[in-house]
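Taken in order, these protein sequences are the chains called A and B. So the first sequence is residues 1 to 612, counted in the working numbering. So the second sequence is residues 1 to 612, counted in the working numbering.
No wet-lab data here; the hints were simulated from the structure. Where is the CB? At the ideal position from N, CA and C, for every residue including glycine. Heads up, a few of these hints could be off.
Claimed, not checked - Cut-off 30 Å, straight-line C-alpha distance, at most; resulting in silico cross-link-like pairs (DSBU-like, lysine-lysine):
1. A:Lys509 to A:Lys221
2. A:Lys415 to A:Lys473
3. A:Lys301 to A:Lys228
4. B:Lys118 to A:Lys509
5. B:Lys509 to A:Lys118
6. B:Lys567 to B:Lys473
Said to hold, decoys possible - For the chain A half of the interface with chain B, some residues (derived, Cβ under 8 Å), not all of them:
7. Gly16
8. Val17
9. Thr128
10. Asp133
11. Val466
There are 2 protein chains.
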Amino acid sequence: MYGYAGRILRVNLSTGVITTEPTPENVMRDFLGGRGLGAYLLWTEVPRGADPLGPENKLFISPGPLSGLLFPGAGKMDFTCKSPLTGGYAGASMGGMLTAEIRYAGYDSIILEGISPKPVYLFIDDDTVELRDASDYWGMGSFALERRLKDELGEEFQIATIGPAGENLVKYACINHDFGRQAGRGGVGTVMGVKKVKAIAVRGSRSIPIADVDEFVRVAKEAYRACKTADMLEEWTRYGTMMVTSWCDENGTLPTRNFQSGSFELGPNIYAPVFREKIVVTDKGCFGCPSPCGKYSYSRKHAIYVEGPEYETNGMLGSDLGLGDIEDIAKANQLCDELGLDSISTGGCIAWAMECYEKGLLNQEQTGGLDLRFGNAEAVFVLIERIARREGWLGNLLAEGVKHAAAVVGQGSEKWAIHVKGMEQSAYATHDATSMLLAYMTADVGAHHNRAWAITYDIAVGRSRVTPEKAAKVIELQHIRPLMDVLGCCRLQWVELGMSLEYYAPALKALTGIDRSWEDLLHISERIWNLTRMYWVREVEGFGRNWDAPPPRFVEEPAVGGVTDGKFTPPEAAQQMLSYYYEQRGWDENGIPTRETLERLGLAELVGVSPR
Amino acid sequence: MYGYAGRILRVNLSTGVITTEPTPENVMRDFLGGRGLGAYLLWTEVPRGADPLGPENKLFISPGPLSGLLFPGAGKMDFTCKSPLTGGYAGASMGGMLTAEIRYAGYDSIILEGISPKPVYLFIDDDTVELRDASDYWGMGSFALERRLKDELGEEFQIATIGPAGENLVKYACINHDFGRQAGRGGVGTVMGVKKVKAIAVRGSRSIPIADVDEFVRVAKEAYRACKTADMLEEWTRYGTMMVTSWCDENGTLPTRNFQSGSFELGPNIYAPVFREKIVVTDKGCFGCPSPCGKYSYSRKHAIYVEGPEYETNGMLGSDLGLGDIEDIAKANQLCDELGLDSISTGGCIAWAMECYEKGLLNQEQTGGLDLRFGNAEAVFVLIERIARREGWLGNLLAEGVKHAAAVVGQGSEKWAIHVKGMEQSAYATHDATSMLLAYMTADVGAHHNRAWAITYDIAVGRSRVTPEKAAKVIELQHIRPLMDVLGCCRLQWVELGMSLEYYAPALKALTGIDRSWEDLLHISERIWNLTRMYWVREVEGFGRNWDAPPPRFVEEPAVGGVTDGKFTPPEAAQQMLSYYYEQRGWDENGIPTRETLERLGLAELVGVSPR
């Protein structure tokens with residue numbers, strides 16, 4: 001009675017064999033569920049050296065222990081697989097309603113394995129699990145299909161889909177849900193595509209067993225009350241993550257023209273108030289959310305509806321491409337969603353190509369006739385379509401990700417391929433923000449912000465400073481924030497509303513009946529972090545310090561304009577931050593967890609470290 | 001679209017892992033389902049040399065393709081495993097309502113594998129499959145538990161249970177269902193017991209896909225009409241299989257006092273009309289039956305209800321034990337059912353023990369104080385209880401089966417251990433009936449009658465005759481009758497009402513859309529017969545002609561009394577029948593299928609015969 005339904009659903013797409021199996025109790029004890037369970041399953045089930053696009057790779061779809069319960073933000077879930085984009089660990093979280101239905105259907109994780117011989121969708125109605133023919137849906141846009149499946153199955157089914165990008169194995173295809181929620185990063189949609197799973201439809205009707213219902217309700221009510229009385233609630237709910245745009249612009253961290261700058265001269269046109277007044281139609285929240293950040297928008301200019309843009313998309317498809325009209329960004333966002341592309345990686349790839357074009361490394365023959373200057377919205381729209389469909393030389397090239405594209409084009413373009421470990425950096429310019437740069441260098445999936453959003457800390461304590469305290473902050477955040485993904489919760493109640501972290505441990509205890517402190521939970525989070533680190537070590541030949549290298553731009557090239565004008569982080573400063581980080585983590589100078597660290601975390605046996 | 005739901009449900013009791021997998025189409029094509037599917041799965045899934053009471057043995061629970069459809073007698077199903085009684089193949093059929101529910105739940109077969117760490121029952125509600133704690137039910141009688149589970153789950157759930165005999169691993173424990181239907185022979189209940197599965201509860205709500213519904217209905221209606229207008233319908237429905245008792249007695253084939261005689265001086269007291277008038281309360285049929293043979297009875301003398309006795313029980317717990325009061329037989333029957341004992345093997349074991357007692361090989365110390373003379377009903381009741389509970393030296397000994405018991409007691413008692421291959425012979429005395437004797441010698445599970453009920457043929461053509469035609473008749477019956485178990489149908493509409501065999505192939509064709517003649521189906525039946533023969537060859541060291549030896553009594557000792565007084569079958573006559581049989585089957589002189597035969601039947605690859 002861990003407060004889990006205690007079952008894993010295994011769907012072998014090659015054979016059609018469908019299995020339910022009890023989730024091992026020790027795994028739930030040591031990895032809690034959600035992303036932790038995904039990481040454990042990835043380690044134990046996907047064989048070393050598996051081709052990310054081959055039948056050996058698997059997709060692990062895991063709600064967390066709190067998700068689906070009435071607790072603030074408990075509407076998140078995790079997708080884990082070996083990344084087709086990076087060749088290493090991929091774990092992508094997604095909000096919406098799907099996680100609750102999976103829990104109500106009684107599954108701790110859904111494992112997709114093998115490759116279907118034909119397009120299918122996975123139908124789950126509690127215990128009824130079927131692979132249904134999806135030949136008629138192949139080629140459809142994400143939300144067109146979501147609408148159609150809801151019409152066919154019933155509104156209460158929650159649907160996740162892939163778009164044409166996933167079908168065409170674009171390396172950063174996403175998974176879409178709830179008409180605007182994505183598991184975006186690392187190519188989780190690509191893996192769904194190669195498996196020929198066009199969609200997942202889930203309805204559940206079971207109760208989630210709770211060890212102490214009264215106590216759980218008490219804790220949850222308190223947590224909700226804290227959220228609902230938070231000072232920031234009104235502003236946050238009005239603008240969502242878009243609130244950050246102006247702050248980033250002012251602080252020189254808004255990615256602009258492929259991160260050449262941290263501030264955008266057209267920035268004010270894409271700030272939150274303009275966004276809200278010009279295109280937002282209504283607010284939209286995930287399951288259990290007291291502070292809905294989702295904004296459903298309509299662009300008159302393009303006659304399209306879209307959920308968003310939220311900040312990351314605003315940065316990566318807006319300022320980073322030189323686009324200064326919120327309606328153009330909304331359109332680019334809508335294209336990415338419907339086609340099933342990660343808007344962050346898409347923006348990063350196009351920004352790199354625009355810089356190549358402006359610097360004469362790509363001509364119009366190579367761009368397929370596109371005038372790829374920064375700011376050319378029409379060219380962006382066309383290029384997004386081409387990437388999703390792998391059309392033309394450039395579309396097909398960018399579909400492989402910026403690291404690969406730069407390796408092909410060469411001529412120094414690697415210098416402005418803004419990625420870590422092959423994953424395009426998300427929307428914080430890190431010329432002069434040593435914590436945030438370190439966060440990108442060390443994030444478990446590549447250059448993604450959500451493992452440690454340290455940028456405000458940089459601004460607070462001194463952005464250029466190189467101190468052990470900054471490395472410690474990054475590590476602290478890398479334990480707290482991913483822990484939310486483990487629990488199946490959204491971090492934004494804590495980040496934006498200031499909801500106390502002290503609610504989580506009591507809630508989990510009331511749920512499971514197991515007394516664990518917040519520190520115990522952080523210890524588990526550290527265990528998971530080290531396991532995914534070891535996954536990189538296991539899968540990537542020669543993995544080490546070099547893989548944590550920052551994008552050259554931030555350590556070699558001065559930023560242009562804004563408050564960070566002329567600033568960059570000296571390479572030795574970045575390396576010093578990394579050394580602080582390794583030392584505090586208990587990793588060696590090459591960034592490999594030591595035997596002592598693995599033993600301290602109870603991972604030695606799992607990862608196969610021989611006893612002393 | 002073979003008219004099958006096309007799924008196998010796999011329940012691993014050791015791990016709790018529950019799997020559904022598509023039934024391979026080629027397997028359904030070559031083995032049709034039901035007992036054919038069971039035989040295929042036994043061959044392919046249970047490793048050579050598996051301990052019947054170990055975790056490697058499996059129980060395959062298979063409805064047939066016609067079962068659950070409105071077709072005469074389509075209420076049968078098959079249980080297959082490696083037999084704990086014989087060490088070879090076991091396939092036991094059962095009537096009632098369960099088979100229909102399993103089909104409506106959409107399963108071609110349910111595989112129980114491994115061993116549960118604690119008592120459980122298997123709950124199946126369409127796709128919802130759960131192993132539920134059955135600790136509270138352990139020790140309960142079969143029908144007490146069936147009543148309780150129906151009260152708890154709902155009347156529409158169909159339940160199969162084991163009694164204490166199955167829990168205590170009596171080697172011939174049966175599986176009980178519908179308050180009086182059994183899968184009786186070979187220890188299928190023992191295998192359920194060792195796996196700690198106390199019961200199975202199934203409810204289904206799916207449709208069975210039919211390729212040509214109109215045609216199926218047409219064929220089924222014609223078949224029903226033929227049954228309902230049959231001359232024998234009234235008499236058959238009045239008496240059921242008990243009708244046979246007087247005929248057997250008159251023809252010297254009623255097993256009497258451990259088969260020492262074929263006629264019983266108290267016979268008329270246990271004939272059908274006495275039965276009907278004295279104790280029958282109502283008729284009771286299986287799913288889809290036009291001619292219900294089940295009789296629900298009440299004994300005032302013992303104040304018990306029981307379904308039965310039917311003929312086999314009447315013979316084996318009645319005349320064969322010297323019991324001449326139908327109410328005593330009903331009570332013995334009721335004890336076997338509630339305790340979960342195969343009444344045929346139970347009767348055979350007790351009859352052997354009674355003969356030992358009368359001949360001075362067992363004394364009252366060994367019988368635990370029982371005066372085990374033939375005809376002592378009270379002693380029989382006590383001994384049945386002791387066998388089921390393995391109480392006392394004799395109870396525990398008889399729980400191992402008559403072959404084992406005779407090997408322990410020795411002193412010539414092997415001569416009157418009436419079994420073939422370790423399975424106690426059912427209720428036809430075969431002193432002078434060469435076809436029926438051959439049928440017992442060669443039946444795929446041991447000395448069971450239902451594979452070839454050749455006794456009427458013996459009477460018709462000359463009971464002592466030794467001819468190739470008689471062997472041919474046995475083979476013909478061994479293909480027709482087991483084919484019914486493959487299809488999930490009862491044979492009694494054909495045997496008793498004379499319903500034409502010509503309805504089956506068109507019904508199966510309308511169901512599956514595949515055009516196969518009756519001869520095609522018999523060819524499949526022959527394939528299955530040879531596969532189970534090869535299973536004996538594979539599993540039993542030194543298997544061959546000696547394993548088809550008749551019980552010594554019928555070839556060495558003259559019968560006493562009745563029309564067969566002084567008669568027995570000369571050993572060389574039995575061997576000559578066997579030689580005819582082997583030759584016609586395409587088996588060598590040792591009874592092993594030749595390579596040519598296996599190739600003709602398309603079995604060479606499956607059983608691992610190397611190509612020429």
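Results of checking the hints against the structure:
no.	hint	verdict
1	A:Lys509 to A:Lys221	holds, 15 Å
2	A:Lys415 to A:Lys473	holds, 28 Å
3	A:Lys301 to A:Lys228	violated, 36 Å
4	B:Lys118 to A:Lys509	holds, 28 Å
5	B:Lys509 to A:Lys118	holds, 29 Å
6	B:Lys567 to B:Lys473	holds, 23 Å
7	Gly16	holds, 4 Å
8	Val17	holds, 4 Å
9	Thr128	holds, 4 Å
10	Asp133	violated, 13 Å
11	Val466	violated, 52 Å
Going through the hint list in order, the structure does not satisfy hints 3, 10 and 11.
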